[in-house]
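So the chains spell out like this:
2 protein chains.
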Amino acid sequence: MPLPNRWLSSLLMRYNGRMFLVDCGEGTQIPLKLSGWGFKALDTIFFTHFHADHISGLPGLLLTLGNSGKTDPLNLVGPPGLKKIVESLIVISPNLPYPLHLYELPYVKNLGTQEEHGYPLCDQFFFRYSGGNHNIPCLTYSFEISRPGKFNPGLAKELNIPLLQWSCLQGGQTVTLEDGRTIEPHMVLGEPRRGIKLCYCTDTRPTSVMPTFFKDADLLICEGLYGDDENLENAAGKKHMVFSEAATLAKESNASELWLTHFSPALKTPSEFICYAQNIFVNTKVGVDLLSTTLRFVD
Amino acid sequence: MPLPNRWLSSLLMRYNGRMFLVDCGEGTQIPLKLSGWGFKALDTIFFTHFHADHISGLPGLLLTLGNSGKTDPLNLVGPPGLKKIVESLIVISPNLPYPLHLYELPYVKNLGTQEEHGYPLCDQFFFRYSGGNHNIPCLTYSFEISRPGKFNPGLAKELNIPLLQWSCLQGGQTVTLEDGRTIEPHMVLGEPRRGIKLCYCTDTRPTSVMPTFFKDADLLICEGLYGDDENLENAAGKKHMVFSEAATLAKESNASELWLTHFSPALKTPSEFICYAQNIFVNTKVGVDLLSTTLRFVD
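Quick mapping for you: the protein sequence lines, in order, are chains A and B.
Using the numbering used here, you'd call the opening residue of the first sequence number 20 and step up by one each time.
Using the numbering used here, you'd call the opening residue of the second sequence number 20 and step up by one each time.
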């Protein structure tokens, strides 16, 4: 439940002027407003699953988006059941001035890495998902920005490619020159470089594929319903995790940083329990309202 | 929409240990928690209408009530459409540990005073409703506590009524004595005394029956979407009111006090506009989060 001093868990990402939200519980539009990024550029809302604390804020946000002047489509992405749930909830937010596009992702429990789906969002931004282990179908997400290799101006000059076409090639597009030649990006680019990877994992037990699915994440945002290990059985019974399990996932994934979120209302001061995570994975932060960062390419 | 510094409008009443809520927009459970009264004793939720800012917090509150240990029924009362709306919203709050009892009130536009309905809640507490004038069916409510006349011990002694029966008669019940006589309350009570009347009016234009419906209210809680009269046309177009219209209703109703609520998000500091109301009705307060009072019988 939303608390007077703690909003429900959600993630807002901004990339190239578009915004992407993961989960939208009751009240989520308030920290969204506090972010100062406006509403209009919201492109897609992803849902991990359909428990109320992850979707009950949808009807209100849809109306607020309508009032923000949004007219371009809003994408809603989630596990099976999305269509039924959204159609039910929007009885109180009818007549929106923009279209809703719904994408139900097939739920595959313990999806193997080889079978992971990658879906493009915009430019070099895409996402993958993997089934979690909760008491209803639940997805974990990986949001990734790929980064092409470095452009080699020497090679471009050798190939007599006009300057005008350089940026297309840099952006990964194949170009056809006036003389009929086709130039593919790999002909003028170095090896693909490390991109950015942000993983979001909540309302699930750890699964065997997670260390692979989250591999080398720049930031792993992971739930921890309870702080201490004494509550492990309690957390497991509710299909949740404790801090040390999240930290183990971060360690096994070789993540760069871990943020803990989705605390039980009974866990009044999560920061008191951070040692349970940091004993396993040092670079851990306990999530607080409006915690934010900028992820940049590592050069 | 809920704002970082202003919850959506709602009213929580407590009477004889039971609680009654009017409207439940997104986030309403947070100020409910801040009230410190707990959740479990919530008896009934009334809805003025089914725009999202008045009902979108329902699924989350229902779950929180479940977690509070509530097992006795929760009553939901509102205009036509209640059943359909509630059934849609509770797809995300299934398996509640208490029953929901739904009461759809017939919507009668501009209901005359004579035809007003009075429904008992508990003990001497009852409510009436009257149709408002909004762009969807909307109800205004009057919550009233009746107060029997003063008990006259002299009369009771003259009638040889045993002390044991006095409290039943005081409470308005008819008693049959051992000697076979039937004593009705009016035989030992003075004239009914002034009770308590609290009226709640939001998302409607003023209607011709309101001054009668709200007559002699101890407290009238009334919307004012905008503060200044320059926005009257704007407010009327949206089927809302400005402060001066709410104040005129309070004056014409001979209310004791007026609280203004349901401000437009564009109205950032409603208190700056209080003069528009106080010029007409002095005893006006601008609603703020958690504004509360105790209404007592006037002796």
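Just so you know, these hints were derived from the structure itself, not from any lab.
Beta carbons: idealized from backbone N, C-alpha and C, even for Gly.
Treat the hints with caution; some may be incorrect.
Said to hold, decoys possible - Chain A stretches covered by chain B per the calculated footprint, using a threshold of three residues with CB under 8 Å from any CB of chain B:
hint, stretch
1, 21 to 35
2, 42 to 53
3, 70 to 76
4, 82 to 88
5, 100 to 107
Here is what the structure says about each hint:
With 3 residues having a beta carbon nearer than 8 Å to a beta carbon of chain B, the stretch 21 to 35 of chain A meets the requirement of three or more and the stated coverage holds. Only residues whose C-beta sits within less than 8 Å of a C-beta in chain B count toward coverage, and the stretch 42 to 53 of chain A has 7 of them, enough to reach three; the restraint holds. Here the stretch 70 to 76 of chain A counts 6 residues with a CB under 8 Å from a CB of chain B, which clears the bar of 3, and the coverage holds. Under the rule that three or more residues need a Cβ within less than 8 Å of chain B, the assignment of the stretch 82 to 88 of chain A holds, with 3 such residues.
Counting residues of the stretch 100 to 107 of chain A whose beta carbon lies closer than 8 Å to any beta carbon of chain B gives 3, which reaches the threshold of three, so the coverage claim holds.
Of the numbered hints stated above, none is contradicted by the structure.
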